[in-house]
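Student: Whenever a hint applies, use it, and build me the whole structure from the sequences.
Residue numbers (the working numbering), protein chains in the order written: chain R, 64 to 448; chain P, 35 to 317.
Incorrect hints may appear among the rest.
Calculated lysine to aspartate or glutamate pairs in the EDC-like style (CA-CA distance at most 20 angstroms, straight line) [to be verified]:
| hint | chain 1 | residue 1 | chain 2 | residue 2 |
| --- | --- | --- | --- | --- |
| 1 | P | K158 | P | D238 |
| 2 | P | K140 | P | D184 |
| 3 | P | K140 | R | D133 |
| 4 | P | K140 | R | E134 |
| 5 | P | K210 | P | D278 |
| 6 | P | K163 | P | E81 |
Read the hints as simulated data drawn from the structure, not as lab findings.
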Amino acid sequence: MSVPAGAQAPQIVAHTVDLSSRQASLGLELSDGSAVKISLARGVFQINDKEAGRYSSGGALEESWRALLDEAASLSTAGLRTRMTAWRVNGLAGPELKIKRLIDGAFQKLPSAGTEVLIAPSTREPVGDPGNVDVAAQVGERVARAVAASVAAQATQGRGFDVNIAPASRGVGTVANNIAGLIGMFVALACIAFGLVSFAPRQVEAVADTVHRSFVRSFFAGLFAQPLLLPILGMMTVGLILTIVGIVVVPVALVAFTLAVALGMIGWYVAIARALGEVILRRRGADGDFSLGTTPYRASVVGLAGLLAIWAPFALMSEVPGINWVLLWCAIVFTWVMATAGFGATILSRGGIRHSFVRPLIPVSGEFRITGEVAAARAAVRELE
Amino acid sequence: MRIATRILVAIVLAVIGIGPQLGAQTMRTVAGNRQIGSQTELDVTVEFAAGRLTIGRDETGMLYRAKVVYDEEQFEPLLDYSAADHTLRVGVDGIRGTHGKDHDGKQELRLDVTPKVPVTFDIKFGAAKADLDLGGLNLRRAEVNTGATDATVRFSTPTTGRCDELTFHVGAAQFKTETLGNSRCQHLEFMGGVGGLTLDFSGDWGGVTRPTADISVGLGSLTLRLPRNVGVQIDISGVFSSFDRSGMIKRDGAYFSPNYDTATTKLVLNVKSALGSVDVAWR
Chain R
64 MSVPAGAQAP QIVAHTVDLS SRQASLGLEL SDGSAVKISL ARGVFQINDK
114 EAGRYSSGGA LEESWRALLD EAASLSTAGL RTRMTAWRVN GLAGPELKIK
164 RLIDGAFQKL PSAGTEVLIA PSTREPVGDP GNVDVAAQVG ERVARAVAAS
214 VAAQATQGRG FDVNIAPASR GVGTVANNIA GLIGMFVALA CIAFGLVSFA
264 PRQVEAVADT VHRSFVRSFF AGLFAQPLLL PILGMMTVGL ILTIVGIVVV
314 PVALVAFTLA VALGMIGWYV AIARALGEVI LRRRGADGDF SLGTTPYRAS
364 VVGLAGLLAI WAPFALMSEV PGINWVLLWC AIVFTWVMAT AGFGATILSR
414 GGIRHSFVRP LIPVSGEFRI TGEVAAARAA VRELE
Chain P
35 MRIATRILVA IVLAVIGIGP QLGAQTMRTV AGNRQIGSQT ELDVTVEFAA
85 GRLTIGRDET GMLYRAKVVY DEEQFEPLLD YSAADHTLRV GVDGIRGTHG
135 KDHDGKQELR LDVTPKVPVT FDIKFGAAKA DLDLGGLNLR RAEVNTGATD
185 ATVRFSTPTT GRCDELTFHV GAAQFKTETL GNSRCQHLEF MGGVGGLTLD
235 FSGDWGGVTR PTADISVGLG SLTLRLPRNV GVQIDISGVF SSFDRSGMIK
285 RDGAYFSPNY DTATTKLVLN VKSALGSVDV AWR
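Tutor: Quick look at the structure:
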């Protein structure tokens, strides 16, 4: 542990605390640029991310260490030293006692003003068996050896102590969140679809049929109309301002316009889903009289599942570098194309009122009221043919 | 009856859909405390997406003490100090696609900064409850950008540095400042969107004899709390706005406090308001 004359003991210049359900870590940045990280993580005592002992997870040592770090998060470095010196844990024995002594020893030596330094990486030996060391006397050596591998890199960074912020379970958690979000989106859209089919069945069917029959025409109508949304909003705002009296309602108009566009987008999406659902159901073998056994609710749900399925690969692989962006953009582009076509179909069908692009209908009987009227009529026409 | 059943089913489905979004939060604490060394300045950037934000003065001799408690499933901590350029970046940032939870009282950021080193602040916070006390700091400049918040910025004691500018950009918020005079800033700029806004210009202006403030507010109410020991000039312009002059005297198109000509410190406010109200309260 001796060092050349003139060397000064490194002082703690900063400390960090990282407390989570998985670990409780204390990081110390020293004045010579080196760093020490002491952590208790699920039964493993680590120094600079290297195992230096085992302990009973959730025991007295860990509990006391967590309480200490919770306090340390708000303490000054001087306060931390004082607190560490006064740190006592009753009832420790075996490995826990050994670890406690290791930590105590480290703190006794780290801020010492003598001629010893704790860390001199170039002179250190590889890490040995942590169970065979003289704890009190060798703690500095232990820390130093553990640090040796990473000190050089830390020292040359010239930056502060970086906290390891990547939790081990983040990938799984993100995927679970993505899937939950996707399911939530599906259920929410399905509810909206049910509402639209219940309360505006003719309009939804007209839009859906317009998309079905004239997809390309609908897409381009939507494509050309999209850039006009902002100018329309601007013109509406300017028009209101010019009337002077209308200035008062400008904020309301802005909100109403935004809401209308948002609601419209959902409506377009549902209509697209409805059209897609009909196609899917027919291809699954219900061709001919599928409408008689298939409600528009079912078609909407199946269509929504089909539309949202494009997001599933991204939801599952969002944490895979490289491919996640490809999947994300595929999903975005696909959804945009569908929404644009829905938007165009809404324009072409005047919100489902105009039936110019819908197949010719025959009078609809009452028995089709809870089924797809257009679809039913289409099936009936097919039967007649 | 059929419609009622459908609506009920829809509500149940919606609740089921929302359910997975309300998973348990996993809180994590990250803290970083640094001693004062040879630093000659400190540039602090705070970015805080949601939760409770507290900023104050450190009394323990540290350069800074930062503590972040956050939901690690939804946010990432920012805690980065660069010794090379004396910058500190602290806060939490939302992880993609995970917004909308209520983090009040659970997620928090506490930052204490030394009064011994000249400090500049760039503070951005979103949906947060914020309590910022910049009093007593060696403040050079501060910019506060906030979205939908319930925020208070105060200067409990006079700052010690030479503050050039104090800037607030506020969205939809209940935003309140206290004792801005203690900031001793030469110039204040305030841009407010929607909400209840209170600017308190009391405090000890010290050697700043002619502080100026540019204030622009949209919808909402602006309350100006003015100290009686300071001469105040208000130049106001607005569209469909009301202004409660409250004892001020109109002269040459501007409003003046009765003591304006004799006061040592003269505060000049340029106020622009649209569709809002501007009230004056003396203290």
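Student: All hints are to be evaluated individually against the structure, with a verdict given for each.
Tutor: Hints, verified against the model:
Taking the CA atoms of K158 (chain P) and D238 (chain P), the gap is near 27 angstroms; set against the 20 angstroms cutoff, the hint is violated. This hinted pair checks out: K140 (chain P) and D184 (chain P) have alpha carbons roughly 16 angstroms apart, not beyond 20 angstroms. A distance of roughly 15 angstroms separates the Cα atoms of K140 (chain P) and D133 (chain R); the hinted pair therefore holds under the 20 angstroms criterion. With a CA separation close to 17 angstroms, the supplied pair K140 (chain P) and E134 (chain R) stays within the 20 angstroms bound.
Proximity of K210 (chain P) to D278 (chain P) is assessed by CA-CA distance (about 19 angstroms); at most 20 angstroms being required, the pair is judged to hold. A distance of roughly 13 angstroms separates the Cα atoms of K163 (chain P) and E81 (chain P); the hinted pair therefore holds under the 20 angstroms criterion.
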